[in-house]
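Asker: Chains as they are written, first to last, in our numbering: chain A, 1 to 311; chain B, 312 to 618; chain C, 619 to 1108.
Simulated from the structure, these hints should not be mistaken for lab results.
No residue lacks a Cβ here, since even glycine has one placed at the ideal position from N, Cα and C.
Incorrect hints may have been included.
Chain A is nowhere near these chain B residues, computed Cβ spacing over 10 Å in every case [said to hold, decoys possible]:
id, residue
1, Q316
2, T389
3, R419
4, W434
5, I441
6, S486
7, W593
Taking lysine-lysine pairs in the BS3-like style, the calculated list, with each CA pair at most 27 Å apart, reads [what the hints assert, rightly or not]:
id, chain 1, residue 1, chain 2, residue 2
8, B, K483, B, K510
9, B, K483, C, K1041
10, C, K818, C, K847
11, B, K510, C, K855
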Amino acid sequence: MSGLSQKPWIWSYLAALAAFGATMIVSGGQGGGSLFFAALTFASFAVIVGVGQMFVITLGPGNVDLSIPATMTLAATLALKFMDTNTSLMLPGLLIALGTGTACGIFNFGLILLLRIPPIIATLSSSFLFQSLAIWSNRGLRIKPPEPLADFATGGLVIPNLALVAIGVAVVAWIVLERAIVGRWILATGQNMRAAQLSGVPVNGVRFGVYVASAILASLSGFLLANFSGGANLNMGAEYMLTSIAVVVIGGSSIAGGNSNVPGVCGAALFMFLLVSMLNSYGFGAGARLILTGVIIMMVVVFASKRKYAA
Amino acid sequence: MTRDQLRILLPVLSLAVLLAAVFYLQPRTMSYFGLNLLFNLAIPVALATIAQMMIIMVNDIDLSIGTFVSFCACVTATFVHDTPLLGYSILAIAILAYSAIGAVIHARGLPAIVVTLGMSFVWSGLAVLILPSPGGASPEWLQTLMKSKPPLVPMAIIAATLIALVTHLFVKRSSFGVVLQGVGGNERALERAGWSIVKLKATAYGIAGLFGALAGMALVGLTTSADANIALRYTLLSIAGVILGGGEFTGGRVSPIGAVIGALTLTLAASFLSFLRLSPDWQIGAQGAILILVLAVRLLVSRREER
Amino acid sequence: MTDLNTRPGAAVAPVVSLDGVHMSFGPVHALVDARFELWPGECVGLVGHNGAGKSTLVNVINGRLTPTQGKVRYSGHGGQSDAATGAQEAGIRSVFQELSLCPNLTVLENLRIPYRNIPRKAWRREARRMVLAALDEVFPDHGISADAVVGDLSIAERQMVEIAIAFAERDTEPALVILDEPTSSLDAAIAQQLLSHIKKFCAAGGTIIFISHLLGEIFEVATRILVMKDGRVTQDKQANAFTRDSLVDAMGHVVETSGRTQSARQRRAVGEEVARLNNGMTVHAGEIVGLAGLAGHGQAEALARFYMSRASVWRSTKTPEVAFVAGDRTRDGVMPLWSILKNLSLMTLREFSQNGLVNRSEEDRLYETWKERIKIKANNPLDPILSLSGGNQQKVLFAKALASSAPIVIMDDPMRGVDIGTKKEVYSMIRAEADTGRSFLWYSTETEEVLECDRVYVFRDGEISAELTGDMITEENLLRASFELQEATA
């Protein structure tokens, strides 16, 4: 038990497995493969933004990036517009998406630092701007992605290509958090910013890096999502505001900061998709699914706070 | 001039500047009908902003207000319309639930941001259950009230003034409102004086729930129907409105009049662009830009004060 | 026991009586066998050095702490109701240095917070009348508006408001007012107004407990003086039984100056100047510079400012200029979620690692080295830091800083709550490090530690009130420089 409670992320995998099993029971074992494929695909988007949000939340109370959906939309819109289905512009298109993300991150942290406002307000205000830029550049047109990119985003052998990207992101994030000096600095800043500073941690540099990284990951996710779904769409990011926070919380990261884990984000992302399929297969609608998601989030928080009391 | 007065001056000025710009660009709006058009949708936004202000006043933040307003709108357009007694009971229970959440958040020391995030899923789910597809109808009296045309001053202005006045009297002038503000200012001082912070927070959340419910009803009165996602944007708009209105994120420094003005400014910013002949695409952007601009000006003012 | 003979009327009951009150926090005995009564009309000066137990005593009296042994009785109460309520009903009010006002409310609104049963109707008029009456009475010509927002007031004005609210009438009359350093941010003239009011208040039958580092003030108002040392009330006499010198004597003599440290000090030679602070303090290579004075007189702030001026918040470096040892572990030092190992290595990650990844074998080696050198009592480096005792946590923080290559080590009263054995070990380690040319800036609230330093700056009211070197560093000189001995120049 103590071993398990030290690895709270295991629960998200168990829950995901349970949801998968429950779905299989209904379908009589049919379509397990395709469900698995779909789960991995859709979880990938949530993993990529969730990892970014996780780094931000790790920075401690008050740190949360509300601009993720807008950044996703903006990056995807600009990149697809630039590529304009032109196959030869795929790499520059990706760079444009990531560049947009970088700019968004710098803008976010600039607001936090220069206006001395809480990150939640800063990212909220900038998300309005990003969203508007996206609408303006999109002009209601839906530009298709270049064919090879669309094939890449929807395809895959055994496991989807997108899942490979997500796994790559997760591995890098895990190395940063668990093995790199920067990871120690992020965790220290999140536990106690003042103490971190007094221990020689360059806290502003760390926070800058984290906000930029979050925005870059959001832009990557947006880029992939647009290619996957056949074009950028202005509401494409909307659900990821709550989802990105939810996967972090359900994955067992502490909302109080300083204690995060990458495997949990992945497990929670899988779980959130499989929960939907399970409820669908049992004939529950979107309403029940949302309610259950909310209840789970709150139960995780209450459970986490209980552990803290016990310790 | 005190800092409080300065704080309210900025939102008033930004609203005045924006309004002047609108009048200059489109003199025809300087009429009963024009004003009504400009500010019509401000009433539910203002009510939701007041709800958010109650939570921010006690140093928390509410990420569920948008879905809660949507939920209340769905209840209004269905149950309140069809079986009023049941409908009002549901709304009352929802308000009590809000209050209970406030108590639990404080008693268990939970992060408000995550609990309200979880609740936003719950409210959203309930709304979808009640109204799976857009529809419903507004109760007769509500529609009549929201669309009424009182002489001289448009309904939107009267309602906004009334909301600002009532909440100002309660929060800023009543002896209980002062204690509620104290929760945000110095929780420990209140505890020492023997106040129960749990009860006070539950009250603040309960009042927030009440205004959230009113926002949902007002919204249905205006649009005459509801859908489960009708007010999702209110979460962000209400936070922006509180901050625009001179509220601060911590320390219990909020202003009800400012919050209502902030909500009006945000609504106006959206309509402003259509008069600039700019595409409505920039509506949200204009809201964000105004927010950043006001925060920047506020920083300059406070820097000058420090000197 | 008091030895006062003159009681204002035998029928009068004491406002508060303490009967063998003990207060311990774990193994620390903060208050030992306090037994005395406070009578109406008395103004009791409470003096003692840092950590003598003054704040524990007043917190027991005002009901915020429940004694581990013994009983606190209030006039008219048998101690049935819980202590905090009893104290409140008995009219016990406290003014502490940490302000307990709501900065977002106005002056009159702040009176409403402790005034639980304020009448609903026209409460503002009532509150305004009361707070202005109290302000007018204590601080004539105060010039504070009842409608001013407290956050907009100067610190002195806030302190005046807080004091006035403590003296204001409301549902209960003030019977005993506890004033902890009430004049710390008031100028001399205003402080004088407060002292006159205290005398008036006592003459009318009120009781005051007055804590101040300004002995002049104590002698001016106190009718009786309690001296505390090591958690005990060591002297309890009428004020006129003390002279300034005898009072300083009564507070002191915590430690004997040992010959060993004396000789150690004399034989040490220091190198060239390595840093000069804004306030004029200098540090030389290999020197142990002490910062002394009563707690909260600007020493910690001076150190924090110096640290921030030498360390970047944007970039890190392999060769840091300064390292910091925190005293307030929770606020400045410990990473509560981390293991001993990670806490230990945080400051030196850059120094022992290459290519951005943590070199974990070097990290383990670091732990082994310092576990040996500083004798951290831990079973496993991966245990959480909070599983260690306070003293061992502090050792980890020491090791963290000493392990770095920084030529200057800043110590912000790092020995609070550390047992004597650990202290001795750390002292010798600091000395050994200083012999290798490292400089130390050491703020300490304990005289014994200040005596270990080569040179000492004594702080008072945020400024350096004395610089002591060599044989001048004695307990008496430290006390004299910490306490304002001159009359307040009104």
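Asker: Now tell me, hint by hint, if it's right for this structure.
Answerer: Okay, the hints, checked on the actual structure:
| no. | hint | in the structure |
| --- | --- | --- |
| 1 | Q316 | holds, 22 Å |
| 2 | T389 | holds, 13 Å |
| 3 | R419 | violated, 6 Å |
| 4 | W434 | violated, 8 Å |
| 5 | I441 | violated, 8 Å |
| 6 | S486 | holds, 30 Å |
| 7 | W593 | violated, 5 Å |
| 8 | B:K483 <-> B:K510 | holds, 19 Å |
| 9 | B:K483 <-> C:K1041 | violated, 54 Å |
| 10 | C:K818 <-> C:K847 | violated, 30 Å |
| 11 | B:K510 <-> C:K855 | violated, 47 Å |
Violated hints for the displayed structure, listed by number in ascending order: 3, 4, 5, 7, 9, 10, 11.
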